[in-house]
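> These are the residues of each chain, in order.
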Amino acid sequence: MLGFKSKTKKGSSLEESLKTDFITLSSHQLRTPLSAVKWFTEIMMTQRNGKLNQKQLEYLREIYRSNERAIALVNDLLQVSRVQEGKLHLDLTDVDLKSLVDEIIDSHRSQLTANTISYNFQVINGPLPKLALDKVKIRRVFQNLLNNAIQYTPRGGSVQITLKNSPREIVCSITDTGVGIPADQQSKIFDRFYRGTNVSKIQPDGTGLGLYIAKSLIEAHRGKIWFESTEGEGATFYFSLPKSGK
Amino acid sequence: MAPKILIIEDEPSLLKAMEEALLVHDFQVATAVDAGRGMEQVQEFKPDLILLDIILPGKNGFEILKELKSSPEYAKIPVIIMSNLGDEEEINQSMSLGAADYLVKAEYDLNEIVNRIKKYLPQSHAGIQKQD
Numbered sequence: 002m003l004g005f006k007s008k009t010k011k012g013s014s015l016e017e018s019l020k021t022d023f024i025t026l027s028s029h030q031l032r033t034p035l036s037a038v039k040w041f042t043e044i045m046m047t048q049r050n051g052k053l054n055q056k057q058l059e060y061l062r063e064i065y066r067s068n069e070r071a072i073a074l075v076n077d078l079l080q081v082s083r084v085q086e087g088k089l090h091l092d093l094t095d096v097d098l099k100s101l102v103d104e105i106i107d108s109h110r111s112q113l114t115a116n117t118i119s120y121n122f123q124v125i126n127g128p129l130p131k132l133a134l135d136k137v138k139i140r141r142v143f144q145n146l147l148n149n150a151i152q153y154t155p156r157g158g159s160v161q162i163t164l165k166n167s168p169r170e171i172v173c174s175i176t177d178t179g180v181g182i183p184a185d186q187q188s189k190i191f192d193r194f195y196r197g198t199n200v201s202k203i204q205p206d207g208t209g210l211g212l213y214i215a216k217s218l219i220e221a222h223r224g225k226i227w228f229e230s231t232e233g234e235g236a237t238f239y240f241s242l243p244k245s246g247k
Numbered sequence: 011m012a013p014k015i016l017i018i019e020d021e022p023s024l025l026k027a028m029e030e031a032l033l034v035h036d037f038q039v040a041t042a043v044d045a046g047r048g049m050e051q052v053q054e055f056k057p058d059l060i061l062l063d064i065i066l067p068g069k070n071g072f073e074i075l076k077e078l079k080s081s082p083e084y085a086k087i088p089v090i091i092m093s094n095l096g097d098e099e100e101i102n103q104s105m106s107l108g109a110a111d112y113l114v115k116a117e118y119d120l121n122e123i124v125n126r127i128k129k130y131l132p133q134s135h136a137g138i139q140k141q142d
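Read top to bottom, the protein sequences are chains W and B. This note's numbering applies: residue 2 is where the first sequence begins, and numbers increase by one. This note's numbering applies: residue 11 is where the second sequence begins, and numbers increase by one.
None of these hints come from the bench; they were simulated from the model. Among the clues, some could well be false.
27 Å max Cα-Cα, derived DSSO-like pairs, lysine-lysine [unchecked claim]: (1) W:K88 with B:K86; (2) B:K128 with W:K136; (3) W:K52 with B:K26.
Assemble the whole structure, with the sequences as input and the hints as a guide.
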């Protein structure tokens, strides 16, 4: 089969390797029927083949949203299996982090406005040098952290994004005024499939993989990721990216 | 004249959805479910752009892409790989063989695919309908 490797990572058990291969294989296979559901739902929602009533349209939107969640879960599982197989490859190019963050904020503007969350983006000690990064993967980390900040911040709250230039690294931070992380759960939030009890109530569809993937992607860039939080007062997530590159 | 798109895809449901989306946007469409029929259609239909799957019965998408790009007659036809494989290995291999782009099917709406096709169509078709 194209693209699948059965290579066992040194030190890992055969059982672990088979489990990872199974996830990779089944994830790829799952994407085909999910693509079909996505595309035919999209076609039906255009109503080119006949007008639908409001209920039918509403149910189609539900099908579409559920299918998108399934696709996101498959993508997360694939990403996790790549991390476990040691197959995480970085496609490094010179990246202007400020432009990247501008672009990401832009794509979340309607979500921020809809939730009446104010936001601010600040560059400290700029201008920032370009860093050799995998743009797609760093974008994914930013999007994940910003999505969390928006989802877990009540209406009327705020999100502050900062890029701080220092001699050896650039530190990115995303601060929210959301629900925060309970003290007894703080040591587990980067674990695979772990979901905090308070956030599960707000966003029941999460997979518990986002922060695990974010940590893996930042560490692949030789950076660090950490957070500070008080339950009920919000959280700040930080990640650093070294200037020396990979 | 409407641009001609050839879809080489062995999954009938995906082929049907892509074909419908392209016909709605007034493209001329031909389809093939394997490499043999795909190469015949390249000769007969003379597409302006090809959407190519990777996992196909018989020859796979990489082999078809290689064949197209080594042919003086067909090398200039833009080929967009459309696959549900999405590892860097497949993406890098496709791009180094001369693909114009690589799209993971499950991550793109049909409208986005149509817009991507318009981006890579030869200049003679530039400025065609920009819907949605």
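> The structure should be examined with respect to each hint, and the outcome stated for every one.
Tested hints:
A C-alpha spacing of about 33 Å is found between K88 (chain W) and K86 (chain B), which places the hinted pair above 27 Å, so the restraint is violated. Between K128 (chain B) and K136 (chain W) the alpha-carbon distance is near 25 Å, which keeps this suggested pair within the 27 Å criterion. A distance of roughly 21 Å separates the Cα atoms of K52 (chain W) and K26 (chain B); the hinted pair therefore holds under the 27 Å criterion.
In summary, the structure is inconsistent with hint 1 from the numbered list given earlier, while agreeing with all the others.
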